[in-house]
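K.L.:
What follows is each chain in one-letter form.
Protein chains: 6
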Amino acid sequence: MVYLTRREHFNAAHKLFCENWSEAKNEAVFGKCANKNWHGHNYELFVTVKGEPNIDTGFVMNAKELSEIIQENICERLDHMNLNLDVDWGYEMQPSTENVAIWIWKELEKHISECKLHCVKLQETDNIFVEYFG
Amino acid sequence: MVYLTRREHFNAAHKLFCENWSEAKNEAVFGKCANKNWHGHNYELFVTVKGEPNIDTGFVMNAKELSEIIQENICERLDHMNLNLDVDWGYEMQPSTENVAIWIWKELEKHISECKLHCVKLQETDNIFVEYFG
Amino acid sequence: MVYLTRREHFNAAHKLFCENWSEAKNEAVFGKCANKNWHGHNYELFVTVKGEPNIDTGFVMNAKELSEIIQENICERLDHMNLNLDVDWGYEMQPSTENVAIWIWKELEKHISECKLHCVKLQETDNIFVEYFG
Amino acid sequence: MVYLTRREHFNAAHKLFCENWSEAKNEAVFGKCANKNWHGHNYELFVTVKGEPNIDTGFVMNAKELSEIIQENICERLDHMNLNLDVDWGYEMQPSTENVAIWIWKELEKHISECKLHCVKLQETDNIFVEYFG
Amino acid sequence: MVYLTRREHFNAAHKLFCENWSEAKNEAVFGKCANKNWHGHNYELFVTVKGEPNIDTGFVMNAKELSEIIQENICERLDHMNLNLDVDWGYEMQPSTENVAIWIWKELEKHISECKLHCVKLQETDNIFVEYFG
Amino acid sequence: MVYLTRREHFNAAHKLFCENWSEAKNEAVFGKCANKNWHGHNYELFVTVKGEPNIDTGFVMNAKELSEIIQENICERLDHMNLNLDVDWGYEMQPSTENVAIWIWKELEKHISECKLHCVKLQETDNIFVEYFG
Numbered sequence: 084m085v086y087l088t089r090r091e092h093f094n095a096a097h098k099l100f101c102e103n104w105s106e107a108k109n110e111a112v113f114g115k116c117a118n119k120n121w122h123g124h125n126y127e128l129f130v131t132v133k134g135e136p137n138i139d140t141g142f143v144m145n146a147k148e149l150s151e152i153i154q155e156n157i158c159e160r161l162d163h164m165n166l167n168l169d170v171d172w173g174y175e176m177q178p179s180t181e182n183v184a185i186w187i188w189k190e191l192e193k194h195i196s197e198c199k200l201h202c203v204k205l206q207e208t209d210n211i212f213v214e215y216f217g
Numbered sequence: 084m085v086y087l088t089r090r091e092h093f094n095a096a097h098k099l100f101c102e103n104w105s106e107a108k109n110e111a112v113f114g115k116c117a118n119k120n121w122h123g124h125n126y127e128l129f130v131t132v133k134g135e136p137n138i139d140t141g142f143v144m145n146a147k148e149l150s151e152i153i154q155e156n157i158c159e160r161l162d163h164m165n166l167n168l169d170v171d172w173g174y175e176m177q178p179s180t181e182n183v184a185i186w187i188w189k190e191l192e193k194h195i196s197e198c199k200l201h202c203v204k205l206q207e208t209d210n211i212f213v214e215y216f217g
Numbered sequence: 084m085v086y087l088t089r090r091e092h093f094n095a096a097h098k099l100f101c102e103n104w105s106e107a108k109n110e111a112v113f114g115k116c117a118n119k120n121w122h123g124h125n126y127e128l129f130v131t132v133k134g135e136p137n138i139d140t141g142f143v144m145n146a147k148e149l150s151e152i153i154q155e156n157i158c159e160r161l162d163h164m165n166l167n168l169d170v171d172w173g174y175e176m177q178p179s180t181e182n183v184a185i186w187i188w189k190e191l192e193k194h195i196s197e198c199k200l201h202c203v204k205l206q207e208t209d210n211i212f213v214e215y216f217g
Numbered sequence: 084m085v086y087l088t089r090r091e092h093f094n095a096a097h098k099l100f101c102e103n104w105s106e107a108k109n110e111a112v113f114g115k116c117a118n119k120n121w122h123g124h125n126y127e128l129f130v131t132v133k134g135e136p137n138i139d140t141g142f143v144m145n146a147k148e149l150s151e152i153i154q155e156n157i158c159e160r161l162d163h164m165n166l167n168l169d170v171d172w173g174y175e176m177q178p179s180t181e182n183v184a185i186w187i188w189k190e191l192e193k194h195i196s197e198c199k200l201h202c203v204k205l206q207e208t209d210n211i212f213v214e215y216f217g
Numbered sequence: 084m085v086y087l088t089r090r091e092h093f094n095a096a097h098k099l100f101c102e103n104w105s106e107a108k109n110e111a112v113f114g115k116c117a118n119k120n121w122h123g124h125n126y127e128l129f130v131t132v133k134g135e136p137n138i139d140t141g142f143v144m145n146a147k148e149l150s151e152i153i154q155e156n157i158c159e160r161l162d163h164m165n166l167n168l169d170v171d172w173g174y175e176m177q178p179s180t181e182n183v184a185i186w187i188w189k190e191l192e193k194h195i196s197e198c199k200l201h202c203v204k205l206q207e208t209d210n211i212f213v214e215y216f217g
Numbered sequence: 084m085v086y087l088t089r090r091e092h093f094n095a096a097h098k099l100f101c102e103n104w105s106e107a108k109n110e111a112v113f114g115k116c117a118n119k120n121w122h123g124h125n126y127e128l129f130v131t132v133k134g135e136p137n138i139d140t141g142f143v144m145n146a147k148e149l150s151e152i153i154q155e156n157i158c159e160r161l162d163h164m165n166l167n168l169d170v171d172w173g174y175e176m177q178p179s180t181e182n183v184a185i186w187i188w189k190e191l192e193k194h195i196s197e198c199k200l201h202c203v204k205l206q207e208t209d210n211i212f213v214e215y216f217g
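Same order as they appear, the protein sequences are chains A, B, C, D, E and F. Under the working numbering, the first residue of the first sequence is numbered 84, with each subsequent residue one higher. Under the working numbering, the first residue of the second sequence is numbered 84, with each subsequent residue one higher. Under the working numbering, the first residue of the third sequence is numbered 84, with each subsequent residue one higher. Under the working numbering, the first residue of the fourth sequence is numbered 84, with each subsequent residue one higher. Under the working numbering, the first residue of the fifth sequence is numbered 84, with each subsequent residue one higher. Under the working numbering, the first residue of the sixth sequence is numbered 84, with each subsequent residue one higher.
If we strip away everything but chain A, and leave its shape as in the complex, we get (with noise of 0.2 Å):
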């Protein structure tokens, strides 16, 4: 078993807030990412797919594709976007770098499938990141 990662990126606008909790309240848990006229990222995404190397290719999976289909299914949807705003999650959700996290690998996972998907690294800035294995 091998363990492939394939980086990209994408910028986007985002803010922390709870609508049914007081601006006092949200300012307290969330503090400047409460702010209500948005804030952003430069977002990493770290890809991480495992399988045994192919015979001929000696790849797990051809690094191009998964970067394509990272780039359509995740970047074309995220990059230069507002999280809050622009992107249908399916479900409410609290735009975090563990929520977006979790919401790439679903999405990734439909579209995975002559390896394994085993890590979505999501980076917010150089001092957080996120990480998620299903």
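Careful: at least some of the hints might be erroneous.
Copies of the same chain look alike in the list, so a pair counts if it fits in one copy or across any two.
[Said to hold, decoys possible] Pairs of lysine to aspartate or glutamate, EDC-like flavour, derived with a Cα cap of 20 Å: (1) K115 to E91; (2) K193 to E110; (3) K193 to E151; (4) K108 to E197; (5) K133 to D209; (6) K115 to E148; (7) K147 to E91; (8) K119 to D169; (9) K199 to E155; (10) K147 to D162; (11) K189 to E175; (12) K108 to D139; (13) K115 to E155; (14) K115 to D162; (15) K147 to E175; (16) K147 to E159; (17) K108 to E148; (18) K204 to E151; (19) K115 to D139.
Keep in mind that the hints were calculated from the coordinates and are not lab data. If you're wondering where the values come from, they're calculated on a predicted model, not measured in any experiment.
The hints should help you fit chains B, C, D, E and F onto chain A, whose structure is shown.
P.N.:
For chains B, C, D, E and F alone, coordinates are given in the frame of chain A:
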């Protein structure tokens, strides 16, 4: 003469949009950056000052003081803000990386007295940065 | 289960030296790290916690709180310190990256309650890092 | 159990090409990587070993010795080489990042005795890396 | 005057070799870089232009257009190529980082019209880069 | 004229302290950097030379020779040293990043003959670096 650089950062939302242009022209020129619901970046800011090192300290300028000047005058006003809505630039300004760097220069210059401001470098993504030397 | 990682850093001096060994043996084993006048590093610290994201916040744990816990319990005690002279480890300890990482785990574990500490990764240089999982 | 990682690097040329495929199929699968005149990469290699820190040294393994083992057994054989022409892999092998990582594991395993080899991570570009755990 | 830099990259093979020198002299001067079977690098390319920001856009130059000019005129000709065999430099040229940077300058200069080309920075490894200012 | 930069590094301990000042003044000016038991850094050193590329080699200067000059004259004297105790600067010197960079310039200048030394850049942390141009 020695050049001292201090790095700071801030996260912000913005969009690039000319109000007196059609939506089509805005999209043709700015592409995805014109998304009216905003997007955002992790901005890296490098401020360079120049001068002679002090005999006792060996410092062109105390890097901790330089950091505080940048924090108070720049980061506190831009971090987790919407660069189109939340910042009073003093004049109407497209919040491009170029224009924000020039504004940062003007704000910092007032507060650097013991040596000279040399360069403001503002990095929007790993692939794009600007430098302004006054 | 989602894994959240927060990066912090501290700068410190140390030496690697066994008091009950000869200088020759110390130099044979530790090389330049045995210099009795100390050397130092910029340590990068990555702390990973794991748990279920909260429904309201989308957080495994508030990254700002995690940062404060690391700052108060680790960085304030190690930053700009001499790891051989200035830190009371609670027991006699060679300040190798491995041992410092284990100590950081033990200190942090007491303060992480709403989710579980998963990993302490401590990077001594760009070429050397250790990971401890408890 | 503590995990210690040492980074090394090497620069090499390679191409991805199946001799028993048509040029058209090679290009369809490998794209520009099939260029018969070769291309190349700066490979970053991260080797992780695991074990209990030694009481005296605090080391899972002496990082300098680990570095020497990697240098002698891997870098001296791969650095500034053509991975298709200059390396005797011991068997016919497509020099994909996956296959090279597996080969590195097998070569290193023979030389790690005081602790256990845990992971070989090989990074081909900033966007692609693989990990092999034996 | 503001300076705008755009980063692109390409992967290529090359060797450093003087045909009219003996193998011994080639090895003495170029070391492992003279391996006749080639080696390769991940090249990072930073192109800097300078000018006054446009009133409407705030741009010295549209970074997307700058990226396209670099892609079409440089990366498509160098990426995944052998710098000794696959590129028609227009004259006989040792493919050192210095010479490739000068060639990139000459090719880009023809296509930068709305502002001025200022610098081509070409990074061969993390440890070596060159800059050319025309 | 082409500019060639070579990166090297060294790890060292130091403190910033004026013997003829009170402890209170030392702490007011230098903060934690005045800890009398030392702290330390991973220093990154970038040395830039400038000249015309040689017709045969395409080199401004052989980067391997530049590396050896830096290693022999700088790194062997500073790596794993205490910058206050172990280095004979030739005069009394506060080991600030600024002063160390100036000293490195003076030591290197004697050994660069085939082209000209242009810049010594010394990085103390990811957030602070200095540049000296002679």
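K.L.:
When no copy is specified for K115 and D162, does a C-alpha distance of 20 Å or less occur within a copy, between copies, both, or neither?
P.N.:
Intra 22 Å, inter 8 Å, cutoff 20 Å: inter-copy only.
K.L.:
Indicate which option fits the pair K115, E91 if close means a Cα-Cα distance not exceeding 20 Å: within, between, both or neither.
P.N.:
Between. Shortest inter-copy distance 17 Å satisfies the 20 Å Cα cut-off; intra-copy 27 Å does not.
K.L.:
Please work out whether the CA atoms of K115 and E148 approach to 20 Å or closer within one copy, between two copies, in both situations, or in neither?
P.N.:
between (38 Å within a copy, 14 Å between copies)
K.L.:
Using 20 Å as the alpha carbon limit, work out where K199 and E155 are close: within a copy, between copies, both or neither.
P.N.:
within (18 Å within a copy, 35 Å between copies)
K.L.:
If the cutoff is 20 Å on CA atoms, where do K115 and E155 land: within, between, both or neither? Let me know, please.
P.N.:
So K115 and E155 pass the 20 Å test across copies only (15 Å; inside, 32 Å).
K.L.:
Within a copy, between copies, both or neither: which one fits K147 and E175 at a CA-CA cutoff of 20 Å?
P.N.:
Answer is neither; intra-copy 33 Å and inter-copy 24 Å both fail.
K.L.:
Could you place K147 and D162 in one of the four classes (within, between, both, neither) given a Cα distance threshold of 20 Å?
P.N.:
Answer is both; intra-copy 19 Å and inter-copy 15 Å each pass.
K.L.:
Under a CA distance limit of 20 Å, which applies to K189 and E175: within one copy, between copies, both, or neither?
P.N.:
For K189 and E175, the Cα distance is within 20 Å only inside one copy (15 Å; across copies 38 Å).
K.L.:
When Cα atoms must be at most 20 Å apart, do K115 and D139 count as within-copy, between-copy, both, or neither?
P.N.:
between (52 Å within a copy, 17 Å between copies)
K.L.:
Is the C-alpha distance from K193 to E110 at most 20 Å within one copy, between copies, in both cases, or in neither?
P.N.:
Close neither inside one copy (37 Å) nor across copies (27 Å); limit 20 Å.
K.L.:
Checking K108 and D139: alpha-carbon separation at most 20 Å within a copy, between copies, both or neither?
P.N.:
between (58 Å within a copy, 12 Å between copies)
K.L.:
If the cutoff is 20 Å on CA atoms, where do K133 and D209 land: within, between, both or neither? Let me know, please.
P.N.:
between (26 Å within a copy, 19 Å between copies)
Comparing the model with each numbered hint stated earlier shows that hints 2 and 15 do not hold.
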